[in-house]
Amino acid sequence: EPEVTQTPSHQVTQMGQEVILRCVPISNHLYFYWYRQILGQKVEFLVSFYNNEISEKSEIFDDQFSVERPDGSNFTLKIRSTKLEDSAMYFCASSATDGTNEKLFFGSGTQLSVL
Amino acid sequence: RKEVEQDPGPFNVPEGATVAFNCTYSNSASQSFFWYRQDCRKEPKLLMSVYSSGNEDGRFTAQLNRASQYISLLIRDSKLSDSATYLCVVPSGNTPLVFGKGTRLSVIA
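In the order they appear, the protein sequences are chains A and L.
Under our numbering, the first residue of the first sequence carries the number 1, and numbering increases by one thereafter.
Under our numbering, the first residue of the second sequence carries the number 1001, and numbering increases by one thereafter.
If you're looking for bench data, these hints aren't it; they were derived computationally from the structure.
Watch out, some of these pointers could steer you wrong.
[Unchecked claim] From the structure, some residues in chain A lie toward chain L, with a derived Cβ separation under 7 Å:
id	residue
1	Gly40
2	Lys42
3	Val43
4	Lys103
It should be emphasised that the depicted structure is a prediction, and the values quoted were computed from it without experimental measurement.
Here a beta-carbon is modelled for each residue, glycine too, at the ideal position from N, C-alpha and C.
Next up, chain A with everything else stripped away, as it sits in the complex (with noise of 0.2 Å):
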């Protein structure tokens, strides 16, 4: 089955600095999001992006967020100057069509620490 890839599968950083986080979505998905979950709790949604632009955001998507596709196969997540509250695991995910009716598949995710 094709897979969403996610680099690197741990990142450990100092508060205030700036991360990126990257993602290969599968190779024909047109949908591409970010969700995080913080240890011990739920799954949420961060941003979806669709024709090199955000479709949607949640309000955990503040201006320290932004989401790039520098090219045809790379999906960044960054964060400019990281919070201690932004230790979490972040999942990439893709979608052939719009993902509130179908299938949505997750990268393995990036586990962030901040310190």
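Fit chain L to the known structure of chain A by using the hints.
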């Protein structure tokens, strides 16, 4: 009502048991529903989709009650490998998927 609410769990059941999880949702306009499985520290993986009254796949049965805004997941003949957290997932407005907190299942030998 919270967008997606699930049984708190954890459920500890012996091998071979039948176990059922419940989920209620707030968005009456939702047309599709999903059960995902999440192993510890891993990504969610789709277990079942529910688009009409229900769906069955081997030992797993999902049922939907639109009037009560309620979804259930039934697992028959539980296996040790079924131990995981089961996530009820519902689209809500324009948000692609809203996840419940999940119900943890432990199947004991």
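Violations among the numbered hints: 1
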